[in-house]
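J.: The primary structure of each chain is shown beneath.
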Amino acid sequence: MKVETRRSITDLNVMVAGQGGDGSLTVVKLLGILLARRGLHMYIARNIPSRTRGGHAAALLRGSIVPRQCVGDRIDLLVAFDGEAIEKAGERVSPEGVVLYDTSAGPAPGACLPDSATVIAIPFARLAVRDHRRDLFKNSLVFGVLTRILGVDDDEARDVLRELFLRLPAEAIEANARVLEAGFALADDHDLAAGAGPWLLDRVEREDRILISGNEAIGLGFLAAGGRFYAGYPITPATEILSFLASHLPRFGGVAIQAEDELAAINMAIGAALRNPRAMTASSGPGISLMQEGVSQAGSAEIPLVIVDCQRAGPSTGMPTKPEQSDLNMLVHGGNGDFPRIVLAPGDPPDCFQLAVTAVNLSQQLQGPVYIALDQAVAQDSCTVEPFDMGSVAVTEGRRLSPAEVAARPEYRRYLVTDDGISPWALPGTPGGMSLVTGNERNDWGHVSSDPRNRAIMVDKRMRKVECFHDDLPAGRQWGDRDAVVGLIGIGMELGVMQEASERLADAGLAVSCLQPRTLWPVPGETIEFVRRRERIYVVEHNAEGQLAHLLASVGAPHDRLRGILRYDGLPFLPSELADRVIRAEEARS
Amino acid sequence: MTATYPPAEPIWCAGCGHFGVQGSLVRALDTLAIERHQVMVLAGIGCSGTIQSNLGTYGYHALHGRVLPTATGMHLADPDLTVIATGGDGDGYAIGMGHLVHAFRRNPSFTYIVMNNGTYGLTKGQPSPTSEAGGIAGPALDAVTLGLSLAGSTFVARGFVRWSDQLDRLTVAALEHSRAGRGFAFLEVLSPCVIYNDTYPAWEASLRDVDDDPDHDPSDRSGAFRTASELSAAGRMAVGLIYQAPARAAAAFTGAPRPAAELVDPRRHEGAYRELVDRYRV
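If you're matching them up, the sequences are chains E and P in order.
When we follow this note's numbering, the leftmost residue of the first sequence carries the number 1, and every step to the right adds one.
When we follow this note's numbering, the leftmost residue of the second sequence carries the number 591, and every step to the right adds one.
Hints were generated in silico from the structure; no laboratory data involved.
Here the structure is a predicted model, which means the values were calculated and not measured.
C-beta: ideal position from N, C-alpha, C; glycine also.
One should not assume that every hint holds.
Stated by the list, open to error - Covered, in the sense of this in silico footprint (three residues per stretch, anywhere, with C-beta under 8 Å from a C-beta of chain P), are these stretches of chain E: (1) 222–232; (2) 255–266; (3) 384–392; (4) 423–432; (5) 436–444.
Said to hold, decoys possible - Simulated restraints on C-beta separations: (6) Asp131/E <-> Arg858/P: 29 to 39 Å; (7) Ser739/P <-> Asp420/E: 19 to 29 Å; (8) Arg858/P <-> Glu87/E: 46 to 56 Å; (9) Arg857/P <-> Leu168/E: 28 to 38 Å.
What the hints assert, rightly or not - The following residues of chain P were derived to be distant from chain E, with all beta-carbon distances above 12 Å: (10) Arg617; (11) Ala661; (12) Gly728; (13) Val784; (14) Ala795; (15) Arg811.
Using the sequences provided together with the hints, build the complete structure.
T.: Below you can see the structure in the form of structure tokens.
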């Protein structure tokens, strides 16, 4: 490879793609450690098929000086373990990009890449098997060549490799170390000398960071907020919450259980919550559909419960590994009957942590269901963020009655009608606190009743409850030009893309104001106000119906100002795509 | 004394078997001197799903078919609470059947009393999984044989409301089993519906009391399975303490944390939290 001028890299997008099971994540992990040592911010996305092994799979890693919460427009470096990887991602390779192509399965497909991109073709897999007897060693070979391209010193690359394999047996570490040297030799063969690569990966000083996914951040927030019972059923893309809490809840004095299905999961959580522990369940669309009876039960019987929906492409089984935001209608309106609920929507891991804490507290105060709506990208993508500080977590109990408070009362009615609708609550096991809890309509003792007068009183009491929290619900995030007549609204995975796209729009001379609402239901006044103050609002959503826009219009946002920018092909927006859609829509007006 | 809800009068028809189930349950609580505030009775949906309102204990009216997962969650939250799940055959063997298999398998220490009347009484007499042939296609479901076939089961019994002395003994034995942490105590009670499926005489004629059989060894699972399945094949039913695993065999969820006992003070776990966050540092 010819090196004319060495290019300083401040925003690096790497895609590693091949057949699932190629171990493509190993290369990403090695690069992650390297970027972390360089102090760069990271964003890691997975775009994997729903199969255990096999099928085309890709992992994307972005390292940047400026924190970024989405995949960048261009691929600077593509590691392609098969031809399909080039066919699928070739058009996104930057004109100055480099492609490392594994020729083991045949020559690279033509006409998919920019002419100016550099292709380095090496039979990595064949060499790994021939010289090192294991196909997986191709990762360490690739890493040797990659680090040379990035202008990384060989010793640093060696350290990174050892750091990743730290916990492996000594002979496995040594074997990988030998393979890395072979990778350096391959680089030499392609004129990529040590310390003379075409690029120079930047190095910066930065604060202490953690690399974490939204699902893991939800788990940490739940623990920090005193969450002590979790029941779940495996489902993509929510399973990491189950595995995280199954691993860690016991050390916090809690219990996590894998249920036989989602019906059992939500009812187990309800059963635990009735007795005290702060309880949560999580799933994705198909599982949340099954759970609707339980959400309605928690709303009716007044049981605190947090439900996480890691949304994937629907309807029905849909596309399990692809992100979508098409469950909003179900979360806001699902479940039979009228009952109060709260729906929160985090846009990045810090949001996930904070809103998990808030959701646990709100569920206790509301004595009812609180949803946290993620999408696959927020749930499973990882990025570097400031460590979550448990010191900032406040735990609120809701209106509980201690045994002494129960004893001091002449009587205890579970569903006592109060001004704000919230009935003081004694836990089972409390002497004198005996209660009847039911999802049927009942009187204030908990006895089933269909008396019309009582019915109206009880419905009103329940619906009144959510009003007390209206002012305490999490506010949205706003940025951009406050005076702009054009606004963008988006939730979840749209956050990072909107942040970057709004910079591009500003550069292109289009001032926009942006809002990421973090409370979806009840719709906060600020969201409506944001729409009212602007002439045109582009509602960026991953669904076909424009569910968020409909929701806003249903509570008074002027619907003639709302325009949907919709996507439902299973891919996130790239920043440039979103900026282009806005610009085209604006141009179409004139 | 704090006044709590006045127990309800049963809604059941005169002659309904469920009166007998309630009577045995109340006597068992008294026999074992269990205070009412230490008891949570969960019920499903249907005629049987009203028993929890009649007792003066804590009561929870679960979703149709979901009484077992709800009880499992409650038991895991607080193993010291006496958890008694109840329901009918439609609730437990039709819509809730998936959960029954997993309750046997997991063996959580609570009692489950199924009031089996072979019909959906509240919705006026539709056939249930335990209706005799002619109802839902196929022979009646035998939950006792099912329970015995699952390796996790530790207590399988069947009573008949008209044989109240035996039902009293079985109810006490079931509560003792689960309260001692030995696992899931499954008690099916034949509790006829006098309106839609009056099986008092037919059932009584078909029963065989294994408690009276000196050759029946309730600690022998395969012997119990043979007896129960042979009777079932002959259109008869075993009643009595059909199977109880030896005490040492059961260890459902022992040693699990007791989250209900936790005060919500996350600071207690700040060290564990910090250590966990450190794992994500880069």
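J.: Give a verdict on every hint.
T.: These are the hints, each one checked on the structure:
{"no.": "1", "hint": "222–232", "in the structure": "holds (count 7)"}
{"no.": "2", "hint": "255–266", "in the structure": "holds (count 8)"}
{"no.": "3", "hint": "384–392", "in the structure": "holds (count 4)"}
{"no.": "4", "hint": "423–432", "in the structure": "holds (count 6)"}
{"no.": "5", "hint": "436–444", "in the structure": "holds (count 5)"}
{"no.": "6", "hint": "Asp131/E <-> Arg858/P: 29 to 39 Å", "in the structure": "55 Å, violated"}
{"no.": "7", "hint": "Ser739/P <-> Asp420/E: 19 to 29 Å", "in the structure": "52 Å, violated"}
{"no.": "8", "hint": "Arg858/P <-> Glu87/E: 46 to 56 Å", "in the structure": "55 Å, holds"}
{"no.": "9", "hint": "Arg857/P <-> Leu168/E: 28 to 38 Å", "in the structure": "37 Å, holds"}
{"no.": "10", "hint": "Arg617", "in the structure": "19 Å, holds"}
{"no.": "11", "hint": "Ala661", "in the structure": "6 Å, violated"}
{"no.": "12", "hint": "Gly728", "in the structure": "23 Å, holds"}
{"no.": "13", "hint": "Val784", "in the structure": "23 Å, holds"}
{"no.": "14", "hint": "Ala795", "in the structure": "37 Å, holds"}
{"no.": "15", "hint": "Arg811", "in the structure": "23 Å, holds"}
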